[in-house]
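Residue numbers (the working numbering), protein chains in the order written: chain A, 1 to 213; chain B, 1 to 192; chain C, 1 to 325.
Hints are all accurate, no fakes.
Rough simulated footprint, nothing fancy, chain B against chain A, three-plus residues with beta-carbon under 8 Å: (1) 26-32; (2) 76-85; (3) 97-110; (4) 179-186; (5) 189-199.
None of these hints come from the bench; they were simulated from the model.
Each residue gets a CB set at the ideal place from its N, CA and C atoms; glycine is no exception.
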Amino acid sequence: MKRNGQLLRGARSIFLNGLLFRNPVLVGALGLYPLVAAARSVGSAAALSLLFLLLALPCGLILCFFGMLAPRWFRPGLVLLVSAACYPAAAALADLLLPGSVSGLGMAAGLMICNSAVYSRAEEYAPEHVAAAVLADAFGCSLGFAGVAFLLGALRGLWLTGSLPGAVLPPAGKGFDLPFAGFLMLGFLAALLQWLNRRRAERAAERLKRRIP
Amino acid sequence: MFAEMMATALLALGAENLLFAGGSGFSRALRSARRPAAAGRYALLVAWFSLASALIGFRPLPPFGTGGEALRPACFAAAAAGVYAATAALLRFLLPALYRRVSGLLAPAAVNTVVLAMPYVRRSFSFGPAAAAGYALGTGLAFYLASLLLAGAEPKCRNADMPAAFRGLPAAFLYVGILSMAFAGFTGGRVF
Amino acid sequence: MPLTKAAAPFVRGGLTVAGMMRNAALALLALLVLPVVHYGPRPLLLAGASVLTCFACRVLVCLVRRTSVSFSEFSVLVTGLSVPMLLPLNAPVWLPCAASAFAVLAAREPFGPFGRNPFNPSAAGVAFAALCWPQRVFSYFDPSRPYGFPLFGRAAYRAAQSPAAVLKEGLKPDILPLDLLWGRTPGPLGTTAILVVGACGLFLFLTRTAKWEITAGFLGAAALIAALYPRILCSPATSVKYELLSGSLLFGAVFLATDPVTSPRTFSGRCVYGAFAGALTMAFRWFGTYEQGVCFALLIANAFAPLLDSAVLRLRGWEGKTHEA
Numbered sequence: 001m002k003r004n005g006q007l008l009r010g011a012r013s014i015f016l017n018g019l020l021f022r023n024p025v026l027v028g029a030l031g032l033y034p035l036v037a038a039a040r041s042v043g044s045a046a047a048l049s050l051l052f053l054l055l056a057l058p059c060g061l062i063l064c065f066f067g068m069l070a071p072r073w074f075r076p077g078l079v080l081l082v083s084a085a086c087y088p089a090a091a092a093l094a095d096l097l098l099p100g101s102v103s104g105l106g107m108a109a110g111l112m113i114c115n116s117a118v119y120s121r122a123e124e125y126a127p128e129h130v131a132a133a134v135l136a137d138a139f140g141c142s143l144g145f146a147g148v149a150f151l152l153g154a155l156r157g158l159w160l161t162g163s164l165p166g167a168v169l170p171p172a173g174k175g176f177d178l179p180f181a182g183f184l185m186l187g188f189l190a191a192l193l194q195w196l197n198r199r200r201a202e203r204a205a206e207r208l209k210r211r212i213p
Numbered sequence: 001m002f003a004e005m006m007a008t009a010l011l012a013l014g015a016e017n018l019l020f021a022g023g024s025g026f027s028r029a030l031r032s033a034r035r036p037a038a039a040g041r042y043a044l045l046v047a048w049f050s051l052a053s054a055l056i057g058f059r060p061l062p063p064f065g066t067g068g069e070a071l072r073p074a075c076f077a078a079a080a081a082g083v084y085a086a087t088a089a090l091l092r093f094l095l096p097a098l099y100r101r102v103s104g105l106l107a108p109a110a111v112n113t114v115v116l117a118m119p120y121v122r123r124s125f126s127f128g129p130a131a132a133a134g135y136a137l138g139t140g141l142a143f144y145l146a147s148l149l150l151a152g153a154e155p156k157c158r159n160a161d162m163p164a165a166f167r168g169l170p171a172a173f174l175y176v177g178i179l180s181m182a183f184a185g186f187t188g189g190r191v192f
Numbered sequence: 001m002p003l004t005k006a007a008a009p010f011v012r013g014g015l016t017v018a019g020m021m022r023n024a025a026l027a028l029l030a031l032l033v034l035p036v037v038h039y040g041p042r043p044l045l046l047a048g049a050s051v052l053t054c055f056a057c058r059v060l061v062c063l064v065r066r067t068s069v070s071f072s073e074f075s076v077l078v079t080g081l082s083v084p085m086l087l088p089l090n091a092p093v094w095l096p097c098a099a100s101a102f103a104v105l106a107a108r109e110p111f112g113p114f115g116r117n118p119f120n121p122s123a124a125g126v127a128f129a130a131l132c133w134p135q136r137v138f139s140y141f142d143p144s145r146p147y148g149f150p151l152f153g154r155a156a157y158r159a160a161q162s163p164a165a166v167l168k169e170g171l172k173p174d175i176l177p178l179d180l181l182w183g184r185t186p187g188p189l190g191t192t193a194i195l196v197v198g199a200c201g202l203f204l205f206l207t208r209t210a211k212w213e214i215t216a217g218f219l220g221a222a223a224l225i226a227a228l229y230p231r232i233l234c235s236p237a238t239s240v241k242y243e244l245l246s247g248s249l250l251f252g253a254v255f256l257a258t259d260p261v262t263s264p265r266t267f268s269g270r271c272v273y274g275a276f277a278g279a280l281t282m283a284f285r286w287f288g289t290y291e292q293g294v295c296f297a298l299l300i301a302n303a304f305a306p307l308l309d310s311a312v313l314r315l316r317g318w319e320g321k322t323h324e325a
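For reference, chain A alone in the conformation it holds in the complex (with noise of 0.2 Å):
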């Protein structure tokens, strides 16, 4: 019982660090280029964040029960053989329940088998961690992931058809599809982020103070 509430406890911490406090984009710097070049609007940030989730799940439980056999160095080599093989499903899957969302992202939708978050997760991760830590890891990862996403995905889409609510200027017309926008978003998330992490880690640093007279 005491084992599994520990087990428990740290999911939830591994969930939440992939989730907010370690987030893979914000923090990691990884998974940039779908998020840069296709989270244009609300709808192409779902269908992204469906195709992570549904790589990021089976090629990090795959490579937990068996990246262990396969020798280190050929290891890389296999997340990209298991995440290829998994994308034709994911893919299916994701134009099944959002018809039309995979082709509408283009070459975005392809080079998620080499998303930088799946591909690291999978290949350092995985391999080292219990399957539950694993299935913490990769949900808290897609949902950090899928959040930096609908954010990207909702200012732009917001931006460029100009109906930011009591907005003063006229649409950024295609300026903001840009690969640079994205960027500079992103930059303003990982700072807002960072200072919640420094506010987190101050708070943390004061409780301990005032628990050792």
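Take the given structure of chain A and dock chains B and C to it, following the hints.
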């Protein structure tokens, strides 16, 4: 043929830059910038894998029919995995000294959106083999330049006077965004 | 003796940063005189709105960071004045404000106080505006007809192509090259009066506010490329005159490229930097989408500035030698 290669290499460096104009490969470029001494080797490996990926894209794939579009990227990625494995095996068993120097860079160089975007770029611009090869080599050079620029920007992105919230990665994102904006002046719109 | 690491620009010999910024602001204000004389007070409105936006953004950042607000920083004034110079007089008031806000909030303040920004904020702001609203940024009125531009609201005017836009299409502008000196051609607000820009440049060089080698390298490289690869069917000399006197090339060479914060520290580095920026500007004119490419070119050149310094110092085998000012 050489002129065609040079022309597309210049294109890869400038107007159709996959990294700055396309936003691709920056996760790797940011990491490469943290080890500027290895940037040259990293970029060479990126160029090699990009070349292989670009030339793989010329092999005709079996017709998958409708709904088979999702198999195409999977096939390219599988082929890229094969190239990685072959390169790693060759270096490991035939050139162990070289393998020791580049082992940490092989996987990030091979599993890279820049590398796997090559078949798409080839198809998008209707490149022949020589042009695709030139573009791949130019992309390797662009990756090297991106690593150097980001390494040079490190002091500006980590200075003690800047707001703590922006120190490090957030400032690096803004730096990359402004540089990407500059390259967008070539095309004015989406390239890929 | 405690040594403190100072931020750019590194000045000595009677110069102060405030003095340099003051000189730059004066030079920019001088560029407003002719447009005000010809078209009324609207240029002052655009410049004023841009400057106010810059200060407002600076105050906002100081409030968020809980630092004291200092109004003696002329650098923000220089940014606020540079931005509208690269935009048309017929632009809506919100356009220079949006560009200035971007310049301060995205290109300047996140990197710290004055002297820490890796990119020229004015160039970044105008580049942002050009990508987001290209129709507004590159649409000019025909100055050969008399207009009264109201202070607020829209003016009725006939649109005209700038000489830079005509050259971009591979055609020869109607105007003679030397007639471009007088400033009565379609173009951005502060860049068409070539003689005034030149005089401002001279003032900045003589007061050592700007480094002449950057401008010389910039213009030299641009002239060489214009002579060797003319965009129109004409003699090399005519091509050089058209290229150097049209668009915002000269303004960029005098005011933007010479930014002491974003340009290299060494003399050789500055020469190479100027030439590189000039060559890039011509590359943007040849291969870029827009008629004006100096802002984009300068941003790329800014990124290379630290590498140029490192290369120069490495070639010299620097070991504790003092930097050139």
